[in-house]
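If you read the protein sequences in the order shown, they are chains A and B.
Position 204 of the first sequence, counting from 1, maps to 204 under UniProt numbering, and the rest follow consecutively.
Position 249 of the second sequence, counting from 1, maps to 249 under UniProt numbering, and the rest follow consecutively.
Certain hints may be false.
Each pair may be met inside one copy or between any two copies, as identical chains are not told apart.
[To be verified] Here are the simulated BS3-like cross-link-like pairs (lysine-lysine), alpha carbons at most 30 angstroms apart as the crow flies:
1) Lys275 to Lys122
2) Lys308 to Lys122
3) Lys308 to Lys96
4) Lys300 to Lys96
5) Lys278 to Lys122
6) Lys244 to Lys122
7) Lys299 to Lys96
Think of the hints as simulated: they come from the structure by calculation, not from any bench.
Here is how the chains run, residue by residue.
Protein chains: 2
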Amino acid sequence: MLHVFGHQNPDTDAISAALVYAHLLRRQGLDAQAFRLGELNFETPFVLREVGVDMPPMLPALPAGADVALVDHNESAQSVPNLAELNVKYVVDHHKLGDLNTASPAYLRFEPVGCTGTLLLKLHHEAGLSVEPQEAKLMLSAILSDTLHFRSPTTTQEDRDAVEFLAPIAGVDDVESYALAMFAAKSDLGDTPADTLLKMDYKVFPFGDPAHPQQWGIGVIETTNPAYVLGRQGELLAAMDQAKAEDGLAGVLLSVVDILNETNQTFVLSATEEKVLKEAFGAETHAQLADLGSRISRKKQIVPALEKYFAPQA
Amino acid sequence: MLHVFGHQNPDTDAISAALVYAHLLRRQGLDAQAFRLGELNFETPFVLREVGVDMPPMLPALPAGADVALVDHNESAQSVPNLAELNVKYVVDHHKLGDLNTASPAYLRFEPVGCTGTLLLKLHHEAGLSVEPQEAKLMLSAILSDTLHFRSPTTTQEDRDAVEFLAPIAGVDDVESYALAMFAAKSDLGDTPADTLLKMDYKVFPFGDPAHPQQWGIGVIETTNPAYVLGRQGELLAAMDQAKAEDGLAGVLLSVVDILNETNQTFVLSATEEKVLKEAFGAETHAQLADLGSRISRKKQIVPALEKYFAPQA
Numbered sequence: 001m002l003h004v005f006g007h008q009n010p011d012t013d014a015i016s017a018a019l020v021y022a023h024l025l026r027r028q029g030l031d032a033q034a035f036r037l038g039e040l041n042f043e044t045p046f047v048l049r050e051v052g053v054d055m056p057p058m059l060p061a062l063p064a065g066a067d068v069a070l071v072d073h074n075e076s077a078q079s080v081p082n083l084a085e086l087n088v089k090y091v092v093d094h095h096k097l098g099d100l101n102t103a104s105p106a107y108l109r110f111e112p113v114g115c116t117g118t119l120l121l122k123l124h125h126e127a128g129l130s131v132e133p134q135e136a137k138l139m140l141s142a143i144l145s146d147t148l149h150f151r152s153p154t155t156t157q158e159d160r161d162a163v164e165f166l167a168p169i170a171g172v173d174d175v176e177s178y179a180l181a182m183f184a185a186k187s188d189l190g191d192t193p194a195d196t197l198l199k200m201d202y203k204v205f206p207f208g209d210p211a212h213p214q215q216w217g218i219g220v221i222e223t224t225n226p227a228y229v230l231g232r233q234g235e236l237l238a239a240m241d242q243a244k245a246e247d248g249l250a251g252v253l254l255s256v257v258d259i260l261n262e263t264n265q266t267f268v269l270s271a272t273e274e275k276v277l278k279e280a281f282g283a284e285t286h287a288q289l290a291d292l293g294s295r296i297s298r299k300k301q302i303v304p305a306l307e308k309y310f311a312p313q314a
Numbered sequence: 001m002l003h004v005f006g007h008q009n010p011d012t013d014a015i016s017a018a019l020v021y022a023h024l025l026r027r028q029g030l031d032a033q034a035f036r037l038g039e040l041n042f043e044t045p046f047v048l049r050e051v052g053v054d055m056p057p058m059l060p061a062l063p064a065g066a067d068v069a070l071v072d073h074n075e076s077a078q079s080v081p082n083l084a085e086l087n088v089k090y091v092v093d094h095h096k097l098g099d100l101n102t103a104s105p106a107y108l109r110f111e112p113v114g115c116t117g118t119l120l121l122k123l124h125h126e127a128g129l130s131v132e133p134q135e136a137k138l139m140l141s142a143i144l145s146d147t148l149h150f151r152s153p154t155t156t157q158e159d160r161d162a163v164e165f166l167a168p169i170a171g172v173d174d175v176e177s178y179a180l181a182m183f184a185a186k187s188d189l190g191d192t193p194a195d196t197l198l199k200m201d202y203k204v205f206p207f208g209d210p211a212h213p214q215q216w217g218i219g220v221i222e223t224t225n226p227a228y229v230l231g232r233q234g235e236l237l238a239a240m241d242q243a244k245a246e247d248g249l250a251g252v253l254l255s256v257v258d259i260l261n262e263t264n265q266t267f268v269l270s271a272t273e274e275k276v277l278k279e280a281f282g283a284e285t286h287a288q289l290a291d292l293g294s295r296i297s298r299k300k301q302i303v304p305a306l307e308k309y310f311a312p313q314a
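Pulled out of the complex, with its shape left as it was, chain A reads as follows (with noise of 0.2 angstroms):
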């Protein structure tokens, strides 16, 4: 069996691809399952509602040598902790290349779009299937996920496309206020604990000398209503300085995205923090809160930015 997954700390657009690629992949004959590495956001669970389809349960111990499809991400340290012994024959993603290798010759497909639900409605297209109404809703929630309705400036014209061919399909006639409340849903984080939140829309990312890396993790939270969180810093704070001694990383971001208003907070742990986003941004620390302006891609603003910044000296 063929086991299709995304990142860890699943987002909608990972749980999106696994369900929708294991289906396409199914309707090509093979015997694919999809499959999860983390508990769900808040979003994922609205959607997941409203297209009418069960989360994919979480993925079991995968023995040595199992087949396995990647969608949504392909950095080792994003994925399933024995990756290097398993067997990758497919990877469907939209994000750099990282570490990632195959054993033998395999299917890859990485385009520079802003979701891989995009890039997958291709592959229907390509494949020569018809899209099914449940599929559609899946990738046409991803997209919106993904791109913050195309406020992020990962966005291309791909994405404005597919969501415009999807939403008739998916039967979403209205498309901003699906956004909308979609944006609600993921906001509505009630007394989810500190460490939770966190941890979220969480990943750690190697920086510098690739021999010997510094790991920075860095978290995101998107929201329509920043203020609530804003309103936790200390307990956030606390989570931040906790996962960075446990996880021996070298630093630890937290960033406060108002999606509506497409600005960014970012929750300033320490000295070491302070400085970088000082000399990689221009950012001022107050209060342990920085100003990050409109940077709301981590992918395309805040890790472009330090890795360049980390970058080992010519």
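Once you've looked at the hints, dock chain B against the given chain A.
Frame of chain A; chain B shown alone:
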């Protein structure tokens, strides 16, 4: 400008793919140009004459940050020396994914087919572009070359279908005769110096612990006239010995592949190579020659067996 190129020691697929992909990208509005990383083998000039196109120029030294498209390879050891400094925007390949990574999201297309040409034909179809006669003949030639006219175990049904589709466009009525003429051109080695013969289709592979790999040079001479190559054993062993010392390699292998009879006789340089060939393939060495039977594919039969043999014990 986007620089499009295949691997070092280019074969017909590396050259053909660079020309065809650059042409395709130009038709899609990009300023793309084909290059080569080394001298041609004896088959490729025959193909270029048949097609009526010039060989691409040697790739000049590229400054850091230059945009490149890799075809028919992805591992840094087979590419331009300063690959890590370049901006890899496109990759089209049919090999396993090695140590490549990209600075930002890129367009990557890998499929486990027998030839890059097969994948490039698919890209034409997906882009809704017709295939022009010169490009058709370049792709057809590359597929016949890489699959040894479907004799190689790397051959897939897609490769066969591609040749069937391309032959009438390319104006090749008798594919069998055309392939034999290609192979005869390739086998007409004349008084080529032994070190040139060794390096004609030669790649360096890292084996064992990724942190401290041992490097093996593996050359293949595909020929319809193995007796000629076997008759130059002494010179070729001397060239192998020199390459081993100069490049600090752990081992060097040179396989003489009889295209028409589908057999592999491999020159054995020293006790090191003899032991590995014995233990990885069960091959006995006599008079510095090991019979590897019908293992005619370096990619599918030689390298995977060596990777398994050298794999660190769990």
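Legend entry - Earlier hints that do not hold, by number: Result: hints 1, 2, 5, 6 break, sorted rising.
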